[in-house]
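Generate the whole structure from the sequences, applying the supplied hints.
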Amino acid sequence: MSSEPTSAVPAAPAPKPTGLVMQIILRRDLVTGLGWPLGPMMAQAAHAASAAQHRFAAHPDMQRYLAGEDGRGWEVMRKAVLEVPDEAALTGLAAALTAAGIPHHLWIEEPEHTPTALALVPNKRPKALKKLLDEAGATLWK
Numbered sequence: 002m003s004s005e006p007t008s009a010v011p012a013a014p015a016p017k018p019t020g021l022v023m024q025i026i027l028r029r030d031l032v033t034g035l036g037w038p039l040g041p042m043m044a045q046a047a048h049a050a051s052a053a054q055h056r057f058a059a060h061p062d063m064q065r066y067l068a069g070e071d072g073r074g075w076e077v078m079r080k081a082v083l084e085v086p087d088e089a090a091l092t093g094l095a096a097a098l099t100a101a102g103i104p105h106h107l108w109i110e111e112p113e114h115t116p117t118a119l120a121l122v123p124n125k126r127p128k129a130l131k132k133l134l135d136e137a138g139a140t141l142w143k
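Each step along the sequence shown adds one to the number in this note's numbering, with nothing skipped, and position 105 is 106.
No lab work stands behind these hints: they were computed from the structure.
All figures in this text were calculated on a predicted structure; none of them were measured in a lab.
From the three backbone atoms N, C-alpha and C, an ideal C-beta is built for every residue, glycine too.
One should not assume that every hint holds.
Derived BS3-like pairs: lysine-lysine, alpha-carbon spacing no greater than 27 Å straight-line [unchecked claim]:
| # | residue 1 | residue 2 |
| --- | --- | --- |
| 1 | 143 | 132 |
| 2 | 80 | 128 |
| 3 | 80 | 125 |
| 4 | 131 | 80 |
| 5 | 80 | 17 |
| 6 | 17 | 125 |
| 7 | 131 | 17 |
| 8 | 143 | 125 |
| 9 | 131 | 143 |
Distance ranges between label pairs, derived from CB positions [as the list claims (entries may be wrong)]:
| # | residue 1 | residue 2 | range |
| --- | --- | --- | --- |
| 10 | 115 | 15 | 39 to 45 Å |
| 11 | 12 | 109 | 41 to 47 Å |
| 12 | 51 | 11 | 33 to 39 Å |
| 13 | 15 | 88 | 37 to 43 Å |
| 14 | 76 | 100 | 33 to 39 Å |
| 15 | 16 | 111 | 33 to 39 Å |
| 16 | 16 | 131 | 25 to 31 Å |
| 17 | 61 | 93 | 25 to 31 Å |
| 18 | 15 | 100 | 36 to 42 Å |
| 19 | 18 | 142 | 20 to 26 Å |
| 20 | 43 | 15 | 25 to 31 Å |
Structure follows, in structure tokens:
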């Protein structure tokens with residue numbers, strides 16, 4: 002047996018969150034009215050988030066969201082999954098976001114050409130965004 006002391010590897014400091022949140026909005030009627038299972042709904046959320054990340058990769062808030070304050074933002078990403086009642090609410094929200102200049106991606110499922118989900122560029126939920134989400138009837142997914 003060795004009597005030499007062992008040295009523990011120091012733990013890396015916890016990554017620092019940015020306070021940015023990516024909102025993903027799904028249509029509730031796909032589940033309640035059309036009987037979509039939860040798995041395909043999760044896929045729609047992932048499609049929308051991935052598309053938004055790709056489309057807006059150069060956006061400063063997307064870069065900060067992924068890098069964080071210390072290069073490890075991807076370890077502490079925050080997302081909120083919301084629901085709107087139906088297609089009209091989702092497409093209306095997309096139009097309102099476009100008019101307000103708020104970057105987002107509306108996912109259209111193909112080949113059905115069905116709007117299913119929307120993801121926003123990470124943000125700190127400014128009042129203008131909160132108002133648009135409220136007007137669309139967006140609430141936390143339950």
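- Query: In this structure, is the beta-carbon distance linking residue 51 and residue 11 contained in 33 to 39 Å?
  - Reply: At 35 Å between Cβs, range holds.
- Go ahead and decide if the range 39 to 45 Å is satisfied by the Cβ distance of residue 115 to residue 15. holds (41 Å)
- How does the Cβ-Cβ distance of residue 12 and residue 109 compare with 41 to 47 Å: does it lie in that range? Because 44 Å falls inside the window, the suggested range holds.
- Message: Between the beta carbons of residue 43 and residue 15, is the distance compatible with 25 to 31 Å?
- Response: holds (27 Å)
- Task: Verify the proposed pairing of residue 131 with residue 17, using a straight-line Cα cut of 27 Å.
- Result: holds (25 Å)
- Message: Given a hint of 25 to 31 Å, does the C-beta separation of residue 61 and residue 93 actually sit inside it?
- Response: holds (28 Å)
- Query: When you check the alpha-carbon spacing of residue 17 and residue 125, does it fall within 27 Å?
  - Reply: holds (15 Å)
- Task: Mind checking the alpha carbons of residue 143 and residue 132 for me, to see if they're no more than 27 Å apart?
- Result: Distance ~21 Å between residue 143 and residue 132 Cα, so the pair holds.
- Query: Do the beta carbons of residue 18 and residue 142 sit within 20 to 26 Å of each other?
  - Reply: Holds, since residue 18 and residue 142 (Cβ atoms, about 22 Å apart) stay within the stated range.
- Message: Given the hinted pair residue 143 and residue 125, is their Cα-Cα distance within 27 Å?
- Response: holds (22 Å)
- Item | Hinted pair residue 80 and residue 17, Cα distance within 27 Å | Holds, at about 16 Å.
- Would you check the hint for residue 80 and residue 125, treating anything up to 27 Å between C-alpha atoms as holding? Roughly 11 Å separates the two Cα atoms, so the pair holds.
The structure fails none of the hints (numbered hints given earlier).
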